[in-house]
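2 protein chains.
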Amino acid sequence: MNKKRIIAGVDIGGTNTVIGFIGEDGDYLFGSSILTSPDEEANKFIVRLTNEINLVFKEYGENYHLGGIGIAAPSANQFQGTIESPSNLKWGNVNFINMMKEYFDVPISIVNDANAAAIGEYEYGLAKGMKNFIVITLGTGLGSGIVVDGNLLYGENGLAGELGHTIIEQDGRMCNCGRTGCLETYVSVTGIRRTIFDLLTRYNYPSELRDISFNQLTGEMVTEHAKKGDPIALKAFDFTGEVLGKAIANLVACFTSEAIILFGGLVESGDLLIEPTKFYFEKNLLGIHKGKVKILKSKFENGMAAILGASSLITKEIDKKVSFKLNHLSAVEKQ
Amino acid sequence: MNKKRIIAGVDIGGTNTVIGFIGEDGDYLFGSSILTSPDEEANKFIVRLTNEINLVFKEYGENYHLGGIGIAAPSANQFQGTIESPSNLKWGNVNFINMMKEYFDVPISIVNDANAAAIGEYEYGLAKGMKNFIVITLGTGLGSGIVVDGNLLYGENGLAGELGHTIIEQDGRMCNCGRTGCLETYVSVTGIRRTIFDLLTRYNYPSELRDISFNQLTGEMVTEHAKKGDPIALKAFDFTGEVLGKAIANLVACFTSEAIILFGGLVESGDLLIEPTKFYFEKNLLGIHKGKVKILKSKFENGMAAILGASSLITKEIDKKVSFKLNHLSAVEKQ
Numbered sequence: 001m002n003k004k005r006i007i008a009g010v011d012i013g014g015t016n017t018v019i020g021f022i023g024e025d026g027d028y029l030f031g032s033s034i035l036t037s038p039d040e041e042a043n044k045f046i047v048r049l050t051n052e053i054n055l056v057f058k059e060y061g062e063n064y065h066l067g068g069i070g071i072a073a074p075s076a077n078q079f080q081g082t083i084e085s086p087s088n089l090k091w092g093n094v095n096f097i098n099m100m101k102e103y104f105d106v107p108i109s110i111v112n113d114a115n116a117a118a119i120g121e122y123e124y125g126l127a128k129g130m131k132n133f134i135v136i137t138l139g140t141g142l143g144s145g146i147v148v149d150g151n152l153l154y155g156e157n158g159l160a161g162e163l164g165h166t167i168i169e170q171d172g173r174m175c176n177c178g179r180t181g182c183l184e185t186y187v188s189v190t191g192i193r194r195t196i197f198d199l200l201t202r203y204n205y206p207s208e209l210r211d212i213s214f215n216q217l218t219g220e221m222v223t224e225h226a227k228k229g230d231p232i233a234l235k236a237f238d239f240t241g242e243v244l245g246k247a248i249a250n251l252v253a254c255f256t257s258e259a260i261i262l263f264g265g266l267v268e269s270g271d272l273l274i275e276p277t278k279f280y281f282e283k284n285l286l287g288i289h290k291g292k293v294k295i296l297k298s299k300f301e302n303g304m305a306a307i308l309g310a311s312s313l314i315t316k317e318i319d320k321k322v323s324f325k326l327n328h329l330s331a332v333e334k335q
Numbered sequence: 001m002n003k004k005r006i007i008a009g010v011d012i013g014g015t016n017t018v019i020g021f022i023g024e025d026g027d028y029l030f031g032s033s034i035l036t037s038p039d040e041e042a043n044k045f046i047v048r049l050t051n052e053i054n055l056v057f058k059e060y061g062e063n064y065h066l067g068g069i070g071i072a073a074p075s076a077n078q079f080q081g082t083i084e085s086p087s088n089l090k091w092g093n094v095n096f097i098n099m100m101k102e103y104f105d106v107p108i109s110i111v112n113d114a115n116a117a118a119i120g121e122y123e124y125g126l127a128k129g130m131k132n133f134i135v136i137t138l139g140t141g142l143g144s145g146i147v148v149d150g151n152l153l154y155g156e157n158g159l160a161g162e163l164g165h166t167i168i169e170q171d172g173r174m175c176n177c178g179r180t181g182c183l184e185t186y187v188s189v190t191g192i193r194r195t196i197f198d199l200l201t202r203y204n205y206p207s208e209l210r211d212i213s214f215n216q217l218t219g220e221m222v223t224e225h226a227k228k229g230d231p232i233a234l235k236a237f238d239f240t241g242e243v244l245g246k247a248i249a250n251l252v253a254c255f256t257s258e259a260i261i262l263f264g265g266l267v268e269s270g271d272l273l274i275e276p277t278k279f280y281f282e283k284n285l286l287g288i289h290k291g292k293v294k295i296l297k298s299k300f301e302n303g304m305a306a307i308l309g310a311s312s313l314i315t316k317e318i319d320k321k322v323s324f325k326l327n328h329l330s331a332v333e334k335q
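Protein chains in written order, with the numbering used here: chain G, 1 to 335; chain C, 1 to 335.
Hints are supplied without guarantee of correctness; some may be wrong.
Intra- or inter-copy, both count: the list cannot distinguish identical chains.
Quick list of in silico lysine-lysine cross-link-like pairs, BS3-like style, CA-CA up to 27 Å [to be verified]:
no., residue 1, residue 2
1, 290, 128
2, 4, 290
3, 227, 294
4, 283, 90
5, 58, 101
6, 292, 90
7, 90, 290
8, 44, 292
9, 44, 283
10, 101, 292
11, 128, 44
12, 227, 290
13, 101, 290
14, 290, 131
Hints in this document: simulated from the structure, not taken from any laboratory. Keep in mind it's a predicted model, so treat the numbers as computed, not measured.
Kindly generate the complete structure, drawing on both the sequences and the hints.
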């Protein structure tokens, strides 16, 4: 029997790592997820990851052959195959592709998670047909995939788009990158948790959040309490939207994108975050851009944009439709 | 006699407008300048500008024929031929090319001044051979020309690169764009003048600058007093370099450029500005980029990078080496 090809897409997040097996038409077939532990070493993480990929494939993949693995990860350098000192994982600098190749004899590629999400949105999501857009991932950290004139922005060393590490507050919150005041210490799941505790100390409003410890508090809990009208949780979303809206307004002054697509755990809160973000974005936007730039919530859930983007890249590499060093979106499109 | 072709390059600044006649090899032959008055209407300015171009050409240009005019201007939209509500000139939205064509029957093009400077640096200056760099013009305002992977960044409507209008201080200084806290209200000739008066109110240090009115004070005077050791002027350069260094560090987090080239009136102060800018830039840079990005002072003087860039664009248009809508640097290079 001629088995159909299937690609494993992996999205490594700071909290969860999601695995999705993608068919030839870009359709999600089956998948799984494992926890990411920030303190675990990369080689131990890889044992768990490869076990899970094998387990899931064995259970559901009997009618398929595994054609390749596309990995989306923070601080990934797709030209080197490395993950370079990710802020939210204590891995240091690792050649992730070489490490994975000890377990799998198939083509493997790695790509920055936000870039993968941008490719996913471009090929299958809200950015179809767009030439200037930015995908911002709001998970444990904040990542950005920037598309300019149909090309992914890689920059001089393939590490462009570190919007999460632009400093927005002098002497602000301590960041895992070793500096202070980075955008992602305010705008991310981790950021909104910090904001909650900041607000609890500033205000006397009654709030059930006073019964939850810092380590217990999740992004979902913040959403849940905001939906019940908790004044601290609502204020936290307003503040997060304000910081994000201003940051995006500055970004648009530089890039004049047609849309900003938000994606990731924090965005699951929906309008709680999107509405204040839109409000402060328009308020802080340069006059010539007002009313012209869309802020959109990705329609993909749970890492799926990044998984689809990473799997689509490896598919193109396998099919040699495009050389891996030239896989700009426009190059891909011209095939 | 077969007269050689000459191109007029014009750099419209908020204070001075510089005219340079450029020969076929990109060599500056002769030129002039007129004052730009922020309160003068565009049609009156054009009368003075065209008179000056004619006058200078008549005096020195007898061995040449005028092949075209390339104009560099703030807020210029090269695809539309318009200048769109420049912050520092009260012109509103004007079709500058059409207005100029009433006076000259030669090809005329217009391009954003910072983009023109980026092209000038790329073709004749410090950016030769670079693929990722940013030119920042520090004159009356702050402009930026951003080159990504060999292409000028135009963005969705040709108005990308408004770095001067990224907001860096909430409820900060009032900006001509109608908002507050924009980068150019701190980092520009106008910005450092405002800083001087802010510092004069904060500190009791003796300073000869206390004898000069706001309207009298020029960027050159600030430089001159700093060179004589005036503590307020020195502090003003340190502060300006700090704000600029931080802004560039954030820019590099997004773009990972290999060099930032500074250009314009404020940069004539040399190390007074460049040294603190470098210091605060490195201090605020994301770890992965430290020590890898150059901050350079343009070697061109008095608008010359923008004049060379604007004249080189019109030359290419005349020679039909490249269609005007596709004049990305890489397209130009491929000829």
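- Message: Which constraints among the numbered hints does this structure fail? Numbers only, ascending.
- Response: As far as the earlier hints go, 2, 8, 9, 10, 11, 12 and 13 are violated by this structure, in ascending order.
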